[in-house]
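Spelled out from the first residue to the last, the chains are:
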Amino acid sequence: DVKVTQSSRYLVKRTGEKVFLECVQDMDHENMFWYRQDPGLGLRLIYFSYDVKMKEKGDIPEGYSVSREKKERFSLILESASTNQTSMYLCASSLWGTSYEQYFGPGTRLTVT
Amino acid sequence: EDKVVQSPLSLVVHEGDTVTLNCSYEVTNFRSLLWYKQEKKAPTFLFMLTSSGIEKKSGRLSSILDKKELFSILNITATQTGDSAIYLCAVRRVASGSRLTFGEGTQLTVNP
Numbered sequence: 195d196v197k198v199t200q201s202s203r204y205l206v207k208r209t210g211e212k213v214f215l216e217c218v219q220d221m222d223h224e225n226m227f228w229y230r231q232d233p234g235l236g237l238r239l240i241y242f243s244y245d246v247k248m249k250e251k252g253d254i255p256e257g258y259s260v261s262r263e264k265k266e267r268f269s270l271i272l273e274s275a276s277t278n279q280t281s282m283y284l285c286a287s288s289l290w291g292t293s294y295e296q297y298f299g300p301g302t303r304l305t306v307t
Numbered sequence: 604e605d606k607v608v609q610s611p612l613s614l615v616v617h618e619g620d621t622v623t624l625n626c627s628y629e630v631t632n633f634r635s636l637l638w639y640k641q642e643k644k645a646p647t648f649l650f651m652l653t654s655s656g657i658e659k660k661s662g663r664l665s666s667i668l669d670k671k672e673l674f675s676i677l678n679i680t681a682t683q684t685g686d687s688a689i690y691l692c693a694v695r696r697v698a699s700g701s702r703l704t705f706g707e708g709t710q711l712t713v714n715p
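Just so you know, the protein sequences line up as chains A and B, in that order.
Going by my numbering, the first residue of the first sequence is number 195, and it counts up by one from there.
Going by my numbering, the first residue of the second sequence is number 604, and it counts up by one from there.
Worth flagging that the hints you see were computed from the coordinates, not collected in a lab.
None of the values given here were measured: they were computed from a predicted structure.
Do not rely on the hints blindly, as some may be mistaken.
Stated by the list, open to error - When the alpha-carbon atoms are kept at most 25 Å apart in a straight line, the in silico SDA-like pairs for lysine to any residue are as follows: (1) A/K251 with B/G685; (2) B/K643 with B/V616; (3) B/K644 with A/K247; (4) B/K644 with A/G234; (5) B/K670 with A/R238; (6) A/K207 with A/D232; (7) A/K247 with B/K643; (8) B/K644 with A/T277; (9) B/K644 with B/K670; (10) B/K640 with A/S243; (11) B/K644 with B/A698; (12) B/K640 with A/K207.
Unchecked claim - Derived Cβ-Cβ restraints for the label pairs, each shown as a range: (13) A/R267 with B/H617: 43 to 49 Å; (14) A/S202 with B/L614: 27 to 33 Å; (15) A/R267 with B/V697: 28 to 34 Å; (16) B/D669 with A/D222: 32 to 38 Å; (17) B/L612 with A/S202: 39 to 45 Å; (18) B/V615 with A/T199: 32 to 38 Å; (19) A/T199 with B/V697: 19 to 25 Å.
Claimed, not checked - To spell it out: a stretch of chain A is covered by chain B in this simulated footprint if at least three of its residues, at any positions, have a beta carbon under 8 Å from a beta carbon of chain B; those stretches are: (20) 211–219; (21) 225–238.
The beta-carbon is built from N, C-alpha and C at its ideal position, and this holds for glycine as well.
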């Protein structure tokens, strides 16, 4: 069964802290994505990666960075968390090729106080 | 810039009702449109549509795409409380790999 896992379901951090959100997929997918989801705004793409050590900016990369050192793992980093980064963060993965369906993880609800 | 607009943003119905959710889009080099259902956690894939006028169906859910008018609808007949969820529409461009642009989502609530 297809599986995408995220390191935490709920996370509370203070303003200015460095935050790591981790995502792991067990499907040998080439593509991995990080989104944030806010009410009324839908899912917005932060960063994505087509391969190990490769990354591309999405629509809202400011304030975030990513790391992909292994194919199965994609990390989202908030260098200095701010209150406007309070959100639900969703990770997804997909195959490169004819199947463009993305498989999502359960999400991490991050609160920055 | 790609744009996906869903309507309504929220909808409350009674069990047994039929609902229609709308998704309109403006995309350069359109390739496909996808529908997802999101209950409490991860969005799950429902349909992918690439051709106009061909209905995709799964049980009580069906969807169709109109590439001329740039929209899609998702129909749910005989709704059940388990259909309560956020329904997300997303579009993909040609040569964009798996990158998707999502709409705001429609929050559907089905009351018993």
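Outcome of the hint check:
In summary, the hint linking A/K251 to B/G685 is not supported, as the alpha carbons are separated by about 36 Å, beyond the 25 Å threshold. Distance check on the hinted pair: B/K643 and B/V616 sit about 19 Å apart at the alpha-carbon level, within 25 Å; holds. Proximity of B/K644 to A/K247 is assessed by CA-CA distance (about 28 Å); at most 25 Å being required, the pair is judged violated. For the suggested pair B/K644 and A/G234, the alpha carbons sit about 17 Å apart, so the restraint of at most 25 Å is met.
About 24 Å separates the Cα atoms of B/K670 and A/R238, which keeps this hinted pair within 25 Å; it holds. Only pairs whose Cα atoms come within 25 Å are accepted, and A/K207 paired with A/D232 is accepted, the gap being roughly 18 Å. Proposed proximity of A/K247 and B/K643 is contradicted: the alpha carbons are some 32 Å apart, above 25 Å. Between B/K644 and A/T277 the alpha-carbon distance is near 23 Å, which keeps this suggested pair within the 25 Å criterion.
For the hint pairing B/K644 with B/K670, the CA-to-CA distance comes to about 31 Å; that exceeds 25 Å, so the pair is violated. Of the pairs offered as hints, the one joining B/K640 and A/S243 holds, with about 24 Å between alpha carbons and a cut-off of 25 Å not exceeded. With a C-alpha separation of about 29 Å, the suggested pair B/K644 and B/A698 falls outside the 25 Å cut-off, and the hint is violated. Between B/K640 and A/K207 the alpha-carbon distance is near 29 Å, which puts this suggested pair outside the 25 Å criterion.
Separation of A/R267 from B/H617 is about 45 Å and conforms to the stated range, judged on CB atoms against 43 to 49 Å. Taking the beta carbon of each, A/S202 and B/L614 are about 32 Å apart, inside 27 to 33 Å as hinted. One distance hint, 28 to 34 Å for the beta-carbon pair A/R267 and B/V697, holds here, with the actual separation near 29 Å. For B/D669 and A/D222, the Cβ-Cβ distance of about 36 Å falls inside the hinted range of 32 to 38 Å, so the restraint holds.
Between B/L612 and A/S202 the CB atoms are about 29 Å apart, so this pair departs from the stated range of 39 to 45 Å. For the pair B/V615 and A/T199, the beta carbons lie near 33 Å from each other, so the given range of 32 to 38 Å is met. Our hint of 19 to 25 Å for A/T199 and B/V697 is violated, since their Cβ atoms are close to 32 Å apart. Counting residues of the region 211–219 of chain A whose CB falls under 8 Å from any CB of chain B gives 0; the rule of at least 3 is not met.
Counting residues of the region 225–238 of chain A whose C-beta sits closer than 8 Å to any C-beta of chain B gives 8, which meets the bar of three, so the coverage hint holds.
Checked against the numbered hints above, the structure violates hints 1, 3, 7, 9, 11, 12, 17, 19, 20; every other hint is satisfied.
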